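*Asks:* Residue numbers (the numbering used here), protein chains in the order written: chain U, 58 to 216; chain R, 2 to 401; chain B, 370 to 621.
Simulated from the structure, these hints should not be mistaken for lab results.
Given the structure is predicted, the values throughout are model-derived calculations rather than measurements.
No residue lacks a Cβ here, since even glycine has one placed at the ideal position from N, Cα and C.
Just so you know, not all the hints are guaranteed correct.
[Unchecked claim] Which residues of chain U face chain B? A few of them, derived with a C-beta cut under 8 Å, are:
#1 Leu119
#2 Gly120
#3 Thr146
#4 Asp149
#5 Val165
#6 Pro183
[Claimed, not checked] Output of the computed footprint for chain U on chain B, the stretches with three or more beta carbons under 8 Å from beta carbons of chain U:
#7 466-476
#8 510-516
#9 549-556
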Amino acid sequence: MILTRIFLALCLFLSAGALSAADGVGPDIPQATGEPHPEGNDYMRRWHMEMLKHDRDLTMYLGIRPTDTSLAECFECHTVRDEAGTPVTVEDERHFCRACHDYAAVKVDCFDCHRSTPVDFDEPSPHAFLTRGPRFRSWGADDPEVLLAYLSQVMTEPN
Amino acid sequence: MAIDRTLYREIPVTNGLWASAAVLMAFLLGAFASFVYVEHHGHIVTGMTNQIVWGMPHVFAIFLIVAASGALNVASIASVFGKMAYKPLSRLSGVLAMALLAGGLAVLVLDLGRPDRLIVQMTHFNFTSIFTWNILLYSGFMGIVAVYLWVQMDRSVDPKWTKPAGLAAFVWRLALTTGTGSIFGWLVARPGYDAAIMAPMFIAMSFAFGLAIFILVLQGLCRLADTPLGQGLITRLTRLLALFVAVVLYFTAVQHLTNLYAQEHAGFEAFILRDGGLYTLLFWWVQVLLGGLLPLALVYGRSAPVTAGLARVVAALVIIGGIAQVYVIVVGGQAYPMQLFPGYEVSSSFLDGEVAAYTPRLPEIALGLGGVALALFATGLGAKILRILPSNLSDHNLPG
Amino acid sequence: MTFRMPNGAKLADKPTRRDFFKSGAAFATMTLAPGVTLMAFGGSAASAVVDAGKRWGLLIDTSKCADDCDACVTACKTENGWEGNGDAERDVQWIRKVTLRNKATGHESSMPVMCQHCESPPCVDVCPTGASFKRDDGIVLVDKHICIGCRYCMMACPFKARSFVHEPVNNQKPHAPRGQGTVEGCTLCVHRVDAGGIPACVESCSATGNGAMLFGDLLDPTSEIAQRLAEFPSVALRPDLDLNPGVRYAEI
């Protein structure tokens with residue numbers, strides 16, 4: 058019994074440091090720009106969902122829209138860019154939210170509806186569009202140039 | 002006359018059973034593939050649009066759910082109304098009811114725009130919505146029928162509990178079907194709905210559809226298990242089915258006659274009864290004739306007992322007529338344009354004022370058929386692992 | 370406060386970042402268990418922008434609405450980001466131009482039709498999760514976080530105001546999140562209204578010079594819309610249903 062407790066305590070202790078990438082254990086979190094959160098990273102990691110939901114309900118039901126706590130504001134600092142300097146959307150595994158959420162295997166539901174990049178960025182079409190059959194709009198897949206450009210992008214992006 | 006005790010047996014494993022399971026599994030896999038496809042690409046790959054928002058999946062789902070409560074009827078007739086001839090069929094009736102409901106609900110849930118949010122639905126209830134009440138009624142139905150089955154099948158439970166359990170299940174199933182009919186009956190927006198008669202009509206439909214499916218499933222399982230099935234029992238069941246078909250025709254007639262009398266619904270009635278193309282065809286030729294008048298003629302037009310083959314034909318006709326009826330209600334009700342302003346013709350870029358077109362595509366048909374397959378597969382599985390099928394249903398063995 | 374929270378929780382329990390700063394306890398919390406500390410400081414009852422004393426509405430003068438003009442539709446598309454694919458059946462339409470033709474007299478009028486923001490919305494009644502809801506100031510919205518995409522509200526709406534999103538969406542406007550599998554409709558540009566502005570459609574209609582659309586507070590007797598409604602005849606669509614919509618039409 059006591060051994061079980063020691064074991065569990067050890068797990069808890071180790072998991073507290075699980076998010077540090079320096080020792081190779083844990084997700085590789087992209088560096089953010091701008092000022093750090095005053096609450097501290099550990100607090101944000103633990104409570105960001107609660108805070109988001111709270112602010113979401115304020116906006117949804119009471120119409121309070123604080124721009125400094127909007128999802129869009131998050132991406133002012135937490136944008137990951139690819140080699141060309143373009144922000145990546147949540148479909149790319151390098152996206153900020155995916156870094157931890159892929160590691161923790163917790164599905165992120167937000168970005169079915171919310172945008173996952175800064176406001177001024179014009180996101181490309183979702184990948185699902187390109188896999189539909191010929192019955193539907195091909196989104197350029199029947200144009201050889203567009204198709205080649207897409208293929209070369211796919212070939213060069215890291216897996 | 003010597004009556005054997007009713008012995009319930011699991012159906013044996015035969016090649017026929019494996020073959021049936023394989024066919025049903027194929028449909029299940031097809032439905033699963035269609036679900037994954039629609040979930041990934043969005044409902045744009047289906048035939049449903051912003052005008053016809055509920056299509057084939059909902060036709061199948063509503064049909065299965067309505068039939069589910071009707072399938073329990075056979076058990077209710079025995080437990081609640083004391084007709085002992087149906088007692089040996091009670092267990093199968095309960096299992097079939099649960100299986101049909103599961104099949105219908107599976108189709109309904111998998112067609113949602115966000116089926117991953119089922120947990121959200123189970124934790125957020127809006128009690129002004131009949132949908133919410135239906136969810137509680139459907140879940141409760143599964144529980145109550147499970148208790149009903151347990152009371153009948155567990156030897157340690159006193160048989161005196163069968164009647165109260167049967168009564169509870171009967172009342173619950175009436176509430177459930179009322180709720181299902183009210184999904185449409187309580188919609189003020191569309192002239193094809195907004196009618197109090199929807200609820201009792203759905204109850205009549207449930208009697209007919211449920212019993213028709215029960216007859217076919219009973220015959221199928223007896224064939225698989227090589228169980229003798231007496232012609233007397235078949236005749237009783239089929240005659241009862243014909244009675245229910247007559248009641249459905251009555252409610253349909255009352256619904257349309259009432260609508261015809263109201264000038265504001267004249268447009269919709271003309272659409273369904275005369276100008277609706279496919280919907281008119283389905284209504285008169287399939288729902289009324291094939292699913293209503295023909296079964297009545299086949300059963301009541303003869304005094305000789307009903308043969309097994311005739312019972313199959315009658316049951317199949319009722320099912321086909323029933324699916325057509327649900328299609329006319331669900332899709333026909335949406336196809337007719339809404340009158341944004343009474344007395345005015347409407348036109349717009351959003352297809353206002355036009356009869357909406359609906360062409361079902363493979364993904365949604367596959368999903369609907371998968372629900373049917375799930376119901377049948379679950380019933381077969383239940384008959385295989387539980388003792389629900391009597392070993393001898395020949396006429397000399399019928400109690401009462 | 371009479372608003373409905375989807376999970377029934379009270380607002381005051383949940384901490385916000387603002388409360389955190391105000392409490393000046395930034396350092397103290399690092400040494401204590403997070404949940405306990407913030408509960409202790411409590412949350413401030415944030416001042417609501419939604420005012421139950423207001424009821425937002427539109428008045429549309431169909432005699433000023435030009436048959437061939439769809440500035441309101443274009444403005445809504447640009448503002449909220451719902452450009453279509455040219456598929457009239459499956460494209461989302463928050464607002465559309467409708468032509469009404471009197472069957473008896475033949476008189477035609479054209480008008481934009483969007484969510485009518487009813488006082489007794491059938492869509493709110495039928496939504497199984499409560500995602501379709503009415504704010505205290507009369508604006509009817511979809512809480513897409515709890516929408517399961519059952520489309521029952523689309524069946525129930527007498528005005529075909531709601532659309533289902535049939536395919537994946539991205540590049541959303543930050544103030545108008547929208548995604549596959551949920552149902553959406555006109556929000557009366559609630560993000561603009563909350564900031565003290567007017568809907569995009571009304572603004573664009575004024576910009577064309579037609580001025581057929583008027584936005585305002587129906588409950589404020591000094592507002593232009595209330596005065597016009599009191600002085601000149603106007604009707605609601607589907608008047609037989611007695612839903613008391615916030616959108617009224619004049620000169621039909």
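*Asks:* State for each hint whether it applies.
*Replies:* Each hint, compared with the structure:
For leucine 119 of chain U, the suggested interface contact is upheld, since its CB lies about 4 Å from the closest CB of chain B, less than 8 Å. Contact between glycine 120 of chain U and chain B, as hinted, is supported at the beta carbon level, the nearest pair being about 4 Å apart and thus within 8 Å. At about 7 Å, the closest approach between the beta carbon of threonine 146 of chain U and any beta carbon in chain B falls short of 8 Å, and the interface hint on this residue holds. This hint is violated: aspartate 149 of chain U has a C-beta 12 Å from the nearest C-beta of chain B, more than the 8 Å allowed.
A least Cβ separation of about 12 Å between valine 165 of chain U and chain B goes past the 8 Å threshold, and the interface hint is therefore violated. Interface restraint check: proline 183 of chain U against chain B, minimum CB-CB distance 4 Å, threshold 8 Å, status holds. Figure legend: the stretch 466-476 of chain B, annotated as covered by chain U; annotation inconsistent (0 residues with Cβ-Cβ distances under 8 Å, at least 3 required). Evaluation of the coverage hint for the stretch 510-516 of chain B: fulfilled, as 4 residues show C-beta separations to chain U shorter than 8 Å, against a requirement of three.
As drawn, the stretch 549-556 of chain B meets chain U at 3 residues by the rule of a beta-carbon pair under 8 Å; at three or more, the given contact holds.
Hint violations for this structure: numbers 4, 5 and 7, all remaining hints satisfied.
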